[in-house]
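4 protein chains.
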Amino acid sequence: MTTIGVVYHSKTGNTKKMAEKVVEGIEEAEGEATTVLKTAEETDEDELLNWDGIIVGSPTYYGLPSASVKDLFDRSVTHHGELEGKVGGAFTSAANRGGGNETTILALLEMMLIHGMIVQGTSKKDHYGPVALGKPDERALKGSRELGKRVATLCAKLFG
Amino acid sequence: MTTIGVVYHSKTGNTKKMAEKVVEGIEEAEGEATTVLKTAEETDEDELLNWDGIIVGSPTYYGLPSASVKDLFDRSVTHHGELEGKVGGAFTSAANRGGGNETTILALLEMMLIHGMIVQGTSKKDHYGPVALGKPDERALKGSRELGKRVATLCAKLFG
Amino acid sequence: MTTIGVVYHSKTGNTKKMAEKVVEGIEEAEGEATTVLKTAEETDEDELLNWDGIIVGSPTYYGLPSASVKDLFDRSVTHHGELEGKVGGAFTSAANRGGGNETTILALLEMMLIHGMIVQGTSKKDHYGPVALGKPDERALKGSRELGKRVATLCAKLFG
Amino acid sequence: MTTIGVVYHSKTGNTKKMAEKVVEGIEEAEGEATTVLKTAEETDEDELLNWDGIIVGSPTYYGLPSASVKDLFDRSVTHHGELEGKVGGAFTSAANRGGGNETTILALLEMMLIHGMIVQGTSKKDHYGPVALGKPDERALKGSRELGKRVATLCAKLFG
Numbered sequence: 003m004t005t006i007g008v009v010y011h012s013k014t015g016n017t018k019k020m021a022e023k024v025v026e027g028i029e030e031a032e033g034e035a036t037t038v039l040k041t042a043e044e045t046d047e048d049e050l051l052n053w054d055g056i057i058v059g060s061p062t063y064y065g066l067p068s069a070s071v072k073d074l075f076d077r078s079v080t081h082h083g084e085l086e087g088k089v090g091g092a093f094t095s096a097a098n099r100g101g102g103n104e105t106t107i108l109a110l111l112e113m114m115l116i117h118g119m120i121v122q123g124t125s126k127k128d129h130y131g132p133v134a135l136g137k138p139d140e141r142a143l144k145g146s147r148e149l150g151k152r153v154a155t156l157c158a159k160l161f162g
Numbered sequence: 003m004t005t006i007g008v009v010y011h012s013k014t015g016n017t018k019k020m021a022e023k024v025v026e027g028i029e030e031a032e033g034e035a036t037t038v039l040k041t042a043e044e045t046d047e048d049e050l051l052n053w054d055g056i057i058v059g060s061p062t063y064y065g066l067p068s069a070s071v072k073d074l075f076d077r078s079v080t081h082h083g084e085l086e087g088k089v090g091g092a093f094t095s096a097a098n099r100g101g102g103n104e105t106t107i108l109a110l111l112e113m114m115l116i117h118g119m120i121v122q123g124t125s126k127k128d129h130y131g132p133v134a135l136g137k138p139d140e141r142a143l144k145g146s147r148e149l150g151k152r153v154a155t156l157c158a159k160l161f162g
Numbered sequence: 003m004t005t006i007g008v009v010y011h012s013k014t015g016n017t018k019k020m021a022e023k024v025v026e027g028i029e030e031a032e033g034e035a036t037t038v039l040k041t042a043e044e045t046d047e048d049e050l051l052n053w054d055g056i057i058v059g060s061p062t063y064y065g066l067p068s069a070s071v072k073d074l075f076d077r078s079v080t081h082h083g084e085l086e087g088k089v090g091g092a093f094t095s096a097a098n099r100g101g102g103n104e105t106t107i108l109a110l111l112e113m114m115l116i117h118g119m120i121v122q123g124t125s126k127k128d129h130y131g132p133v134a135l136g137k138p139d140e141r142a143l144k145g146s147r148e149l150g151k152r153v154a155t156l157c158a159k160l161f162g
Numbered sequence: 003m004t005t006i007g008v009v010y011h012s013k014t015g016n017t018k019k020m021a022e023k024v025v026e027g028i029e030e031a032e033g034e035a036t037t038v039l040k041t042a043e044e045t046d047e048d049e050l051l052n053w054d055g056i057i058v059g060s061p062t063y064y065g066l067p068s069a070s071v072k073d074l075f076d077r078s079v080t081h082h083g084e085l086e087g088k089v090g091g092a093f094t095s096a097a098n099r100g101g102g103n104e105t106t107i108l109a110l111l112e113m114m115l116i117h118g119m120i121v122q123g124t125s126k127k128d129h130y131g132p133v134a135l136g137k138p139d140e141r142a143l144k145g146s147r148e149l150g151k152r153v154a155t156l157c158a159k160l161f162g
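Chains as they are written, first to last, in the working numbering: chain A, 3 to 162; chain B, 3 to 162; chain C, 3 to 162; chain D, 3 to 162.
Chain A on its own, in the form it takes in the complex (with noise of 0.2 angstroms):
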């Protein structure tokens, strides 16, 4: 049994969408796993050590994450080393393609690294992350779906 906590910040709707998209997926997965949802700013930075797999959703604001899941992150150092080893994963929303959606996604897996988790790509249409490009389409929807499953499936295979 791994607990996985999907935490996004969104102002449009479209990244909450797809971060409903990844909660199915975890479900969808073989193991048994206990999924929180909630929002960056509603998440406590002491929430993160009861959690397994972190899977974080941001919109791509110049490139990045936007400032309220940075925040999130900034206030994560009280817990520096104790999120080691811990599986991680990332998905945004943006306005168009080639527009930072890549980098936003890396930005959330170089925290996480630097955090000492482990996160995992996928050999399938987006590598690093699911992006949807304004209103999540079927695409994006999918991929979030199969993040959350990649994410729960490494779960149970390190802690279930």
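In case anyone wonders, no lab produced these hints; they're calculated from the structure. All the pointers check out, no bait thrown in.
As the list makes no split between identical chains, a pair holds if one copy fits it or if it spans any two.
When the alpha-carbon atoms are kept at most 30 angstroms apart in a straight line, the in silico BS3-like pairs for lysine-lysine are as follows:
1. K126 <-> K19
2. K126 <-> K18
3. K127 <-> K159
4. K19 <-> K151
5. K127 <-> K13
6. K151 <-> K13
7. K126 <-> K159
8. K137 <-> K127
9. K18 <-> K137
10. K40 <-> K126
11. K126 <-> K13
12. K127 <-> K144
13. K126 <-> K144
14. K40 <-> K19
15. K19 <-> K127
16. K159 <-> K18
Here the structure is a predicted model, which means the values were calculated and not measured.
Keeping the supplied structure of chain A fixed, place chains B, C and D upon it in accordance with the hints.
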């Protein structure tokens, strides 16, 4: 009168097509510019010295420029310091969105920054540089033309 | 006569010290420049419009600029397109080498490119922008001065 | 019993020295692992299939892996999809701090993520992977050993 080199690597012809549009864009810019269009393999590192602007295009191979394009930059080390202040730009052709196209362009720009070169983004569409997904569509070709024009305009201001 | 804003966020004083050296560098450059030195929190996004050059410094927090610095860029979206063609530069103060300092500077430069701004690297030492590890040493302070001079020189060429 | 390949490119011997320490680290880890140590040039892309973990080291050339290392990844496309779920790690030897070492390591990790591989950072010191500045000092050698141990430990958990 400025000189701008457009260097590319292309296997399928997609990046080459973009390169040709970059050349068109240079010609549209105000101020006269001589343009040199070559593949990365046929570009001798000494030639870089002759150009005020250097625009490089590569296919996206594993989220980075191809080994051929990288090899040109590796060879350019003999002229380290001598490209300082030149203007650069980058473009790429990738298989799909979210598949490493932004990281390819940023990798190209990083190499230019390490040479002390000057690069400019754009507030519209593909911010770091134009991206084609598969066969370049109208949008990618227009972005390529705009990149050529942007670099030529900056070269004219700085060296014209 | 050009105007250059130096914006920073600093908790320990390390990034602030670098910011002050950046200002010294601007004053050393040929061509007159007015300099404005402010923290990211006290910088209103409207002020960005008044500056020909914008140099931003941030501590390295999880391999990225701090949430305060990010927040300034998020707020700058009201002026998206209006910073096109301005000159940018970035610097950071980090806890240790290999600890995210380069990714912090690149994140700052990426945001500037998305605004359509112009950035320049250097072929010497800290290529993307000056990095201090802990309390800024002579090397970091010299690099900061050089950054100020580099941006001011480019501003003078383009807008002087 | 797992198998881990350590692949490097080294001209001055610095990256090679780190590679040897990575191997030592693998041997220190709990769980038995067979190690293969090779240069990028002598590594056939087919061999990648035999390894549970792939650790790659490159000198920092213009902020990216060398063309030889890039060429191995370009060749690996024949096995795209088949490296999914393998464990990766990266290290680099650079001329100076702030000079592109982090971007080199991230470039290596990006290529691994695009293959669907699993990578882990560390909350201590060189977060993305060990960095040597010039001739590897004690710190860089220790970091290399820890990288080997970290990858071997994760391989043992996942495939042992």
